[in-house]
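Asker: Kindly produce the complete structure, drawing on both the sequences and the hints.
Chains A and B, in that order, are what the protein sequence lines are.
The first sequence begins at 55 in my numbering and counts up one residue at a time.
The second sequence begins at 602 in my numbering and counts up one residue at a time.
Quick caveat, the hints were computed from the structure, so don't treat them as lab data.
For each residue, glycine too, the CB sits at the ideal point set by N, CA and C.
With the C-beta cut set under 8 angstroms, the calculated list includes, among others, these residues of chain B facing chain A:
| # | residue |
| --- | --- |
| 1 | G745 |
| 2 | T747 |
| 3 | P748 |
| 4 | M749 |
| 5 | M889 |
| 6 | W890 |
| 7 | P893 |
| 8 | P894 |
| 9 | G895 |
| 10 | Y899 |
| 11 | L902 |
| 12 | V903 |
| 13 | M906 |
| 14 | S907 |
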Amino acid sequence: MSAAVGTTSASEVQERSFAVWQERVRIRVLSKGRGPSLVFFHGPWGLTWDPFLDELAQQFTVYAPEHPGTTPDAQDDVYHLDGLWDLVLCYDELMSALGITSAVLVGHSFGGMVACELAAAYPDRTRRQALIAPLGFWRDPDRIVNWMMLEPGELRRHIFRDPECDAAHRMFPRADGHEAEAAAARVRMIWAMGTTGKFIWPIPDKGLKKRIHRVGAPTLLVWGREDRLVPPVYAEEFAGRLRAARVQIVEDVGHAPQLEQPTTVARVVREFLGQ
Amino acid sequence: MKISAFHLMPYRELPADFEKRYESVWVTPPWWELADARRVGQYYNWTLDELTYAAKCGFDGVCTNEHHQNAYGFMPSPNLMGSVLARATNDTDVAIVQMGATLPTSNPPLRVAEEYAMLDCISGGRLVAGLPLGSPMDVNLCYGITPMEHRERYREAFALTLKAWQAREVFSWNGRYFQLATVNLWPRPIQEPHPPVWVPGSGSVSTFDFAVEHDVCYCFLSYSGAKSAKTMMDGYWRVVEQKGRDLNPYRAGFLQLVVVAESDARAEEKFARHVEYFYHKCLHVPGMWFSPPGNQDYRSLVATMSNPVRRAENPKNLRYRDFVDKGYVIAGSPATVRDRLKEEVIQGLHVGNLMVLLQIGSMPHELALENIDVFGREVLPGLRPVWDDEGWVNHWWPERLRQRAQPSMAVAAGGA
Chain A
55 MSAAVGTTSA
65 SEVQERSFAV
75 WQERVRIRVL
85 SKGRGPSLVF
95 FHGPWGLTWD
105 PFLDELAQQF
115 TVYAPEHPGT
125 TPDAQDDVYH
135 LDGLWDLVLC
145 YDELMSALGI
155 TSAVLVGHSF
165 GGMVACELAA
175 AYPDRTRRQA
185 LIAPLGFWRD
195 PDRIVNWMML
205 EPGELRRHIF
215 RDPECDAAHR
225 MFPRADGHEA
235 EAAAARVRMI
245 WAMGTTGKFI
255 WPIPDKGLKK
265 RIHRVGAPTL
275 LVWGREDRLV
285 PPVYAEEFAG
295 RLRAARVQIV
305 EDVGHAPQLE
315 QPTTVARVVR
325 EFLGQ
Chain B
602 MKISAFHLMP
612 YRELPADFEK
622 RYESVWVTPP
632 WWELADARRV
642 GQYYNWTLDE
652 LTYAAKCGFD
662 GVCTNEHHQN
672 AYGFMPSPNL
682 MGSVLARATN
692 DTDVAIVQMG
702 ATLPTSNPPL
712 RVAEEYAMLD
722 CISGGRLVAG
732 LPLGSPMDVN
742 LCYGITPMEH
752 RERYREAFAL
762 TLKAWQAREV
772 FSWNGRYFQL
782 ATVNLWPRPI
792 QEPHPPVWVP
802 GSGSVSTFDF
812 AVEHDVCYCF
822 LSYSGAKSAK
832 TMMDGYWRVV
842 EQKGRDLNPY
852 RAGFLQLVVV
862 AESDARAEEK
872 FARHVEYFYH
882 KCLHVPGMWF
892 SPPGNQDYRS
902 LVATMSNPVR
912 RAENPKNLRY
922 RDFVDKGYVI
932 AGSPATVRDR
942 LKEEVIQGLH
952 VGNLMVLLQI
962 GSMPHELALE
972 NIDVFGREVL
982 PGLRPVWDDE
992 GWVNHWWPER
1002 LRQRAQPSMA
1012 VAAGGA
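Answerer: Here's what the structure looks like:
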């Protein structure tokens, strides 16, 4: 199971595939754990089962779907979706297929925006949500860097506070005699950026501000103090509009706090979602 | 052989350290620091004069193109330029080659169909309708089109344009990207069933397929010369053959940079710094910008990444003599230029529609006119008959201009 490579608990991660959207969009879902349902929406760089998800799986049944187009051998399925509305409806169908009536949602970056859109569209499906450095708003003085146009080295420095950390090496594997694997990882990452970018290009503000008032679920916003992609000021955009929101700034991490400090972030998220 | 004069309309006076001081020549170069609107007005008029002069010097066509937010070549509306050229050349047999207006950024794309029809009417049926996809910098970065939708939009707009020119009845277009309840184009082009269509590309296999399937002329717009284009163009001709089309050289167009002077040495003296300006400053764009994620479909992406082919050399490391040796620029005396164009480009790539870029980078107006003049008098006549004895018909050229027997008009150097 390629999605579980590099974790210590590969054997426990389950993998199921679903076809939604008149069976035109195939989505693979990785899952693990016991307890209430938790749906995790990954960011612009694709899904990898990681230590953070392992930690969440100790308390929840974690379902982590792959964004349409990022599931192996189903790359072109994304062309069946024309916009955010289609994507949100797809995930509604997927939750039904998983037998989930309501769940807690966790989303990172692009996935944070997707989770929040889902919570706005279907308030009854979301009990609580934790959004980690979510996209969804735009402030002219705090322009969000277009990560899709960065060279790999720059991108790495924008995602991670410490570009040499283990998580950074996992996301950007060195060639070092494994050129084919490194090229495959690069293809996965570019395609993941393309398929997620389809829903947010050229500015990741697609009208959440008109819909976010519909969210009823208490929301935790987790932000890295040193996020160089989506600066922490964006937490205010969410907190100011949500009925019940708490902001947790995490020190010494960048745009992927759950990858740089999985234990700390998982603890905060579990405490909040478990309430 | 049909030979057209191509023009980018670059900013000709960027500072010497431009590429060190600024991120890019495209998308982000700061207008207020770098440019002057009155000077730019002068450039536009020089550009029009240079192309009009080429028409007088016996070139078969004059080419304009569309780009945005840059100092590399900024005709945001090629049809404004084409309109002036159409009017100014009404007494000649020169084709108005629009290379051209970008379909995916025109909304609705009928605007391109209408303006091209206007140009064909104004020029008396002399339009060549270039229908480019547009560069990622223009379409995705400047005009905000989602990379993953770029090609889909193009294909839909292309089909709509062709239908709008030809439909005998009013029709509805219920597309994915464009919905129009009542399409009824006014005016229609003079040329029937429609003006010849050229599709410019930069070597992507999906564009080869598209061009051959639609039986249009594929134009490789290259700045790296025929040597590096050889593999790609051979690939194009294989697709032509596989799809059962004939090997008519007029199915292919190619853009070549050319500078010509009394001798090879004089060419270097006159043009070296302008050529270097072009490659060092006008092409100063971050590599990632040429390929935003999603712009290539998955198959092409895998092919590109698993086969990191001829990663083009960084032109900033090359100097004039390198550009000439490698054929990026064909330079020298009329005999040198004629022979190299004939062997490397026309015969080497099997090309019937040649475009030559004669105003390059910082080249000033008078020198550009001189380059055009010498090329028109001493190079062009020797190339025109290349394909004549094979009897091919250039279906991708305005019909009334195909049989042109064009003696170059005697125009004194720099005498526009």
